[in-house]
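Please build the complete structure, drawing on both the sequences and the hints.
One-letter residues, chain by chain:
2 protein chains.
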Amino acid sequence: MSELKVYNSFTREKEVFKPITPGHVGMYVCGPTVSGESHLGHARPYITFDVIYRYLMYLGYKVRYVRNITDAGHFEEEGRAAEDKISKKAILEKLEPMELVQKYTNLFHWAMAQFNTLAPSIEPTATGHITEQISMIQKIIAAGYAYEVNGSVYFDVKKYAEKYDYGKLSGRIIDDLLETTRTLDGQEEKRDKADFALWKAAPPEHIMRWPSPWGEGFPGWHIECSAMSGKYLGDQFDIHGGGMDLQFPHHESEIAQSTICNHKNPARYWIHNNMITINGKKMGKSYNNVIKLTELFSGDNPALEKAYHPMVIRFFILQTHYHSTLDFSNEALIAAEKGLRRLWEAYEHLNKMTLENGQPAAASAIDEELDKKVKKLVDEFEEFMNDDFNTAKVLANMFELAPIINSLKDKIIPITALTPGTFNLLQEKFGLYIEKILGLKSITEADNDKLKG
Amino acid sequence: MSELKVYNSFTREKEVFKPITPGHVGMYVCGPTVSGESHLGHARPYITFDVIYRYLMYLGYKVRYVRNITDAGHFEEEGRAAEDKISKKAILEKLEPMELVQKYTNLFHWAMAQFNTLAPSIEPTATGHITEQISMIQKIIAAGYAYEVNGSVYFDVKKYAEKYDYGKLSGRIIDDLLETTRTLDGQEEKRDKADFALWKAAPPEHIMRWPSPWGEGFPGWHIECSAMSGKYLGDQFDIHGGGMDLQFPHHESEIAQSTICNHKNPARYWIHNNMITINGKKMGKSYNNVIKLTELFSGDNPALEKAYHPMVIRFFILQTHYHSTLDFSNEALIAAEKGLRRLWEAYEHLNKMTLENGQPAAASAIDEELDKKVKKLVDEFEEFMNDDFNTAKVLANMFELAPIINSLKDKIIPITALTPGTFNLLQEKFGLYIEKILGLKSITEADNDKLKG
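Listed in order, the protein sequences are those of chains A and B.
First residue of the first sequence? That's 21 in this note's numbering, and the numbers climb one at a time after it.
First residue of the second sequence? That's 21 in this note's numbering, and the numbers climb one at a time after it.
These are computed hints drawn from the structure, not numbers from a lab.
Among the hints, a few may not be true.
If chains are identical, the list can't say which one is meant, so a pair holds when it fits in one copy or spans any two.
Stated by the list, open to error - With a straight-line cut-off of 35 Å between C-alpha atoms, the simulated DSBU-like cross-links for lysine-lysine are: (1) 456 - 109; (2) 114 - 82; (3) 114 - 449; (4) 284 - 109; (5) 38 - 392; (6) 431 - 449; (7) 312 - 251; (8) 251 - 123; (9) 34 - 123; (10) 413 - 123; (11) 456 - 312; (12) 429 - 326; (13) 449 - 123; (14) 393 - 188; (15) 326 - 456; (16) 123 - 82; (17) 392 - 302; (18) 109 - 251; (19) 392 - 301; (20) 395 - 179; (21) 183 - 109; (22) 372 - 413; (23) 179 - 326.
Shown next as structure tokens:
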């Protein structure tokens with residue numbers, strides 16, 4: 021059996037995976053910001069890391085999978101901001117950010133269930149870890165790598181970069197950062213443009229606020245993940261995952277924070293999925309091409325020719341290696357739908373087949389070439405997954421197996437052409453991979469109707 | 021239209037419901053402790069307050085429904101406690117209480133979805149509100165009603181009782197409390213046996229711990245609900261709900277805490293559902309008769325003759341007024357199942373009926389007595405709900421309507437026997453109440469199979 025190798029974004033090398041604690045894996049994945057609805061771009065990391073989680077468990081590891089919910093920050097409902105600032109209103113008449121948080125968290129969980137992703141072992145919230153974040157900020161201040169100005173605390177990137185390599189993960193050069201970082205409102209108080217906030221003083225109109233040693237305020241985004249990953253997985257853990265767009269500044273800053281607090285890169289292996297483009301363009305508000313998950317499932321977006329079943333989207337995502345870009349188009353989704361149906365049909369046929377009378381075939385009936393081919397295609401499932409979780413190649417092999425399975429079913433090829441060992445292997449591993457590891461399910465019209473209803 | 025009246029446990033009177041902020045209702049319901057699986061006893065409060073939530077919305081109120089998750093405390097997995105105390109173990113090898121919290125929170129949410137309860141507007145967690153709880157404890161200490169001993173903080177019940185009525189909600193007499201409260205381990209440090217913990221110093225082996233002005237520890241149970249209800253609903257809100265078993269000491273202590281912090285009873289209306297007994301006995305670990313919700317749905321408990329569909333349990337609970345005790349038995353559940361099927365069948369027939377040609381019937385065909393009876397039975401739905409949410413009486417009326425509906429369907433009674441107004445009213449309100457307000461759904465064998473799978 022081959023060893024599991026993963027591409028480590030930090031070293032830019034494919035490395036043999038060796039967990040810190042034998043038999044256990046600690047994995048942290050940056051979760052959603054629940055100030056709005058999840059979109060197609062969110063589907064990729066959560067489906068990618070779901071398959072990684074499933075595969076690590078299949079390999080026998082006890083995995084603690086932590087995926088956070090970012091629920092702290094400047095949460096406002098569109099159009100409500102102004103009216104909510106009227107302080108005379110009763111508490112029940114005002115926007116309560118946690119109502120939005122709850123609504124979008126529930127919607128996120130619903131969408132994740134549609135995608136058949138397994139729930140993480142722990143799903144900590146940023147607002148649920150204010151004390152832990154404050155403790156970590158105090159440590160960074162004590163070490164001399166953060167400073168307070170007007171009730172806000174900033175990480176001193178310039179000082180950090182003198183001793184450590186800020187930019188190693190993302191490949192950014194610190195001098196460029198000083199040139200290119202936009203000056204945002206209220207950030208003039210920073211010593212350097214590249215510095216980032218650990219704690220922000222809350223202006224009077226800011227609803228989300230907590231007491232701190234620096235006055236009332238709210239935590240910065242980066243410190244949240246450092247505090248929560250450290251609490252549940254330790255100072256250094258095995259895998260830190262997320263989308264490539266999070267490498268800078270988010271993950272770069274997490275590394276800096278942990279380096280100062282714990283003298284360690286928080287993760288041994290940094291794994292980043294690539295982005296989804298839409299008809300060749302980056303997806304984003306400024307491109308006006310964001311497709312929400314509910315819209316994908318219902319078809320209710322001008323960019324969509326039809327509704328797409330969540331399993332079609334899952335299948336579409338897994339048909340490309342997570343490290344490559346993936347271009348969304350109606351044609352590609354429609355092709356994915358056909359592909360999933362074809363594969364599932366073959367899988368259902370395979371499930372119904374039995375070795376006749378449980379007897380081994382006569383040696384003379386065996387088609388050695390075919391037997392060898394089938395065995396190889398099946399054995400490669402694990403080889404491909406061990407090669408940085410290459411689900412695309414696993415599916416490609418399944419597509420090669422599908423016509424063979426169909427021929428077996430139609431008795432164009434007799435079942436005795438395969439050795440019982442190969443046939444049993446095919447039946448066992450095909451099901452294991454398609455259902456348990458890739459997490460796919462059949463799609464039926466009934467499901468589609470349910471989603472609409 | 022009659023006014024909504026609710027039985028207020030605090031005043032022991034049925035009172036007209038008048039919200040603090042016109043058009044809005046703030047409702048807090050004590051949620052589950054997620055250190056284990058939810059059982060039958062948990063089904064009643066959440067189904068009861070779900071109907072109250074639905075009815076208040078039907079009346080046109082904008083309701084902010086807050087139901088907490090109690091996830092702080094002494095959480096241990098059976099049999100794991102001892103081995104986890106070995107401090108040499110790696111973090112991933114040790115029990116992480118938040119893994120249990122996540123597992124049982126997910127299971128609770130799943131069960132609540134099976135019961136067709138609507139998600140609350142906000143579902144705050146105790147661990148997510150440590151800073152708020154600490155702030156409140158500081159306020160109580162500053163007011164002179166709490167004291168610190170060895171890193172723990174206790175509420176001074178004796179001092180409170182000199183000025184305020186501790187025991188008013190539950191009807192307990194303070195002198196009795198001093199006599200009857202058991203002395204628990206490590207509670208000798210309290211000034212008085214009736215005093216309760218606001219903050220507990222964490223012994224070295226306690227995994228859940230947070231820094232505080234009194235050293236590392238964890239919050240008491242009562243302060244949790246006071247901090248969270250106050251944060252999201254204000255110093256005083258409309259409805260505080262929960263099971264009757266929570267009146268003492270939990271709700272009594274919440275009142276004391278809020279009285280000191282905000283000089284107010286936190287809620288205008290205290291609503292408590294009565295308990296579920298099992299074959300006439302109290303349900304509890306000491307009686308060895310606890311039935312978990314998953315066991316109810318699967319039938320996998322020696323006390324169960326069969327599996328019960330979640331809708332049967334919902335229906336069973338709503339067939340008794342929430343303020344009365346409710347005895348669980350297989351006979352009662354089997355009867356409930358039959359009842360729900362009968363009612364749903366009538367409802368489906370009713371849905372399919374149409375006034376022929378949309379023409380009003382000739383006046384001569386109208387059976388005035390029947391018409392009056394049907395109208396009265398339907399009009400009473402709202403009257404009964406306005407009378408302290410009497411779902412039992414609403415269902416009783418539906419059972420009186422069912423044979424009439426069946427006779428209309430079988431044309432034993434012509435549809436023209438009812439005035440079009442009455443027929444339309446029947447059709448509209450029956451559906452509104454059975455689906456939207458009582459939150460019932462049809463039960464099918466397919467559903468049952470799904471639950472087992």
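- Task: Indicate which option fits the pair residue 326, residue 456 if close means a Cα-Cα distance not exceeding 35 Å: within, between, both or neither.
- Result: both (28 Å within a copy, 31 Å between copies)
- Message: Cα distance capped at 35 Å. Does residue 372 pair with residue 413 within a copy, between copies, both, or neither?
- Response: Close inside one copy (25 Å), not across copies (53 Å); limit 35 Å.
- Are the CA atoms of residue 38 and residue 392 at most 35 Å apart within a copy, between copies, both, or neither? within (32 Å within a copy, 78 Å between copies)
- Which holds for residue 429 with residue 326 at a C-alpha limit of 35 Å: within a copy, between copies, both or neither? Within one copy only: 33 Å inside a chain, 40 Å across chains, cut-off 35 Å.
- Pop the pair residue 109 and residue 251 into one bin, within, between, both or neither, using alpha-carbon distances up to 35 Å. The answer is between: 15 Å across copies meets 35 Å, while 39 Å in one copy does not.
- How would you label the pair residue 456, residue 312 (within, between, both, or neither) given a Cα cut-off of 35 Å? both (27 Å within a copy, 28 Å between copies)
- Query: Given identical chains, is residue 431 near residue 449, meaning Cα to Cα at most 35 Å, within a copy, between copies, both, or neither?
  - Reply: Classified as within: same-chain Cα gap 22 Å, cross-chain 59 Å, threshold 35 Å.
- If the cutoff is 35 Å on CA atoms, where do residue 114 and residue 449 land: within, between, both or neither? Let me know, please. Classified as between; 33 Å across copies, 55 Å inside a copy.
- Indicate which option fits the pair residue 392, residue 301 if close means a Cα-Cα distance not exceeding 35 Å: within, between, both or neither. Neither. Shortest intra-copy (43 Å) and inter-copy (66 Å) distances fail the 35 Å Cα cut-off.
- Task: Measure nothing new, just compare the shortest in-copy and cross-copy C-alpha distances for residue 183 and residue 109 to 35 Å and report within, between, both or neither.
- Result: between (51 Å within a copy, 33 Å between copies)
- Query: Is it within, between, both, or neither for residue 251 and residue 123, if the alpha carbons may be no more than 35 Å apart?
  - Reply: both (27 Å within a copy, 18 Å between copies)
- Query: From the Cα coordinates, with 35 Å as the cut-off, is the pair residue 114 and residue 82 best called within, between, both, or neither?
  - Reply: Intra 45 Å, inter 12 Å, cutoff 35 Å: inter-copy only.
The structure fails to meet hints 14, 17, 19, 20 and 23 from the earlier list, while all remaining hints are met.
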